[in-house]
Each structure stands twice: as C-alpha cells, then as structure tokens.
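Under my numbering, the sequence shown has 334 at position 134, and the numbering climbs by one with no breaks.
Worth flagging that the hints you see were computed from the coordinates, not collected in a lab. Backbone N, C-alpha and C fix where the C-beta goes; we use that ideal spot for every residue, glycine too. Hints may be right or wrong, so weigh each one.
Stated by the list, open to error - If you anchor each label on the Cβ, the simulated ranges turn out as follows:
no., residue 1, residue 2, range
1, L291, I412, 41 to 49 angstroms
2, V389, P292, 15 to 23 angstroms
3, F231, N422, 39 to 47 angstroms
4, Y290, P235, 16 to 24 angstroms
5, F289, L408, 18 to 26 angstroms
6, V296, V242, 18 to 26 angstroms
7, G264, I421, 20 to 28 angstroms
8, P322, F289, 43 to 51 angstroms
9, I249, V270, 19 to 27 angstroms
Unchecked claim - List of simulated lysine to aspartate or glutamate pairs, DMTMM-like, C-alpha gap at most 25 angstroms:
no., residue 1, residue 2
10, K320, E419
11, K319, E329
12, K266, E329
13, K319, E419
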Amino acid sequence: MKIYTRRILSFISTAEVGLSVFLVFIVLFVFILPPLGLLGNVGRVVVDIVFTLLLVSGTASIYGRKVVFVIVAGISIITLVFRWSDSFFYLPVVGVLDNIATIVVILLLCTLILARVFKKGPITFRRIEGAIAAYLLLGLAWAYAYQLIADSYPAGFAGALTASPGASSWTYFSFVTLATLGYGDITPVHPIARSLATAEAITGQLYLAILIARLVSQELINRQQNPED
201 MKIYTRRILS
211 FISTAEVGLS
221 VFLVFIVLFV
231 FILPPLGLLG
241 NVGRVVVDIV
251 FTLLLVSGTA
261 SIYGRKVVFV
271 IVAGISIITL
281 VFRWSDSFFY
291 LPVVGVLDNI
301 ATIVVILLLC
311 TLILARVFKK
321 GPITFRRIEG
331 AIAAYLLLGL
341 AWAYAYQLIA
351 DSYPAGFAGA
361 LTASPGASSW
371 TYFSFVTLAT
381 LGYGDITPVH
391 PIARSLATAE
401 AITGQLYLAI
411 LIARLVSQEL
421 INRQQNPED
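Assemble the whole structure, with the sequences as input and the hints as a guide.
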C-alpha cells in the first residue's frame, strides 16, 4: 500500500498533475462553494471536504521535495484537525486556531508555487496555472485574516454584513479588494482591518505587474538562448 501511495504521489509531483487538480479545487472553493456554507451543517461539511482535498492535492504537488513535503504535510494535518474540530464543536478558540493555521498553510503553499512560477525556464502552461493558483491563494489567505479580525473585533467592519457573516462574505470582500474593485458595500473600520485591506490592494497590483514583467523577460531570455525555437 505504501509503495502504491508513493508511486501515485511521485507521478503527481513529476507530471505536475497535482498542480492542475489543486487549481481546480481552489476555483471550486473560491467561486462555487461559498454559498454552500450558508446552508447549515451539510453545506459546511461539503465545503470542508473540498478544502481537505485542496490541501491534499496541494501537498501532493510538492512530493518531490521531501523535507518541504514533510513540513507542509504536517502543517496541513494540523490545519485539518482544527477545521474539522471547529465544524463539530464550535469552540471560539478552535475557530481562531483554525483561521491561523489555514493562513499559514495557504501562504506556505503560495510561496512554494511562486518559487516554481518565477524560476528560470520556458514559459509553460503549468507555470501559468501556478500563477493563477498563487493569486487565488493570496485572496484566500486575506479572507481568513479578515474573518479572524471580525471574530476578534465584531465592529471591525461596517456595511452590508449579517449579524454573523460567514466565510463567503470575507472571500467576496477579499477578492474585491485584491482586484481593487472597491464596491464599498463592506468597509474596514478597525485600524488593523484597514491596514490589511490596503496591503492586499497594493499586493494585488504589484503581483500582476511583477508577474507579467517576469514572464515576459523570461520568455525573451529563452528566445535569445534558443533562437531556433
């Protein structure tokens, strides 16, 4: 069983199939599933299952780097323990730990993916997939940070929010901020919330500018080194 598991993980890592699967789960988690969190326990379980698969596929995609894989796998397991515990026990402290652990593992995966995106080499479809995945992960990380602030400071945000805004509200606000759309229906009030929103808006603009510059420059270098291509 262990041999087959290692073979599967090795195939996913070398063929980079894991990155494609990972991106699919991110898209599902960000754009399709948020409304399900409002449907009660069943909807939340579905969201948690997809999040579990998201972390599993993300961790599997870096299996080739053994030390990093062990670290990410360990943090992912801790994150999933907190998430599923929060789903069943509803303890405030568990919710806080869940958000913190989720932010850590998302940023770690984002960093590892960006290292692949910005490394030297030809511009491939996998590299573009990684750039999209990293961008969505940034939005998710900020969404959980906003949720953490809202749980700690209930009056930290103003606007079109329910008494107990769910993850879908913070995911929406995060990506609206990351893309600098600025609808104004949700407004950060607490100083920490304002600082985070400002940092996210700047990060979103810098990310796109740096990404495009890097990919274009790398493609020019590749063409100079391989003029026959």
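Run through the hints listed earlier and report the numbers of any the structure violates, in increasing order. Failing hints, ascending: 3, 5.
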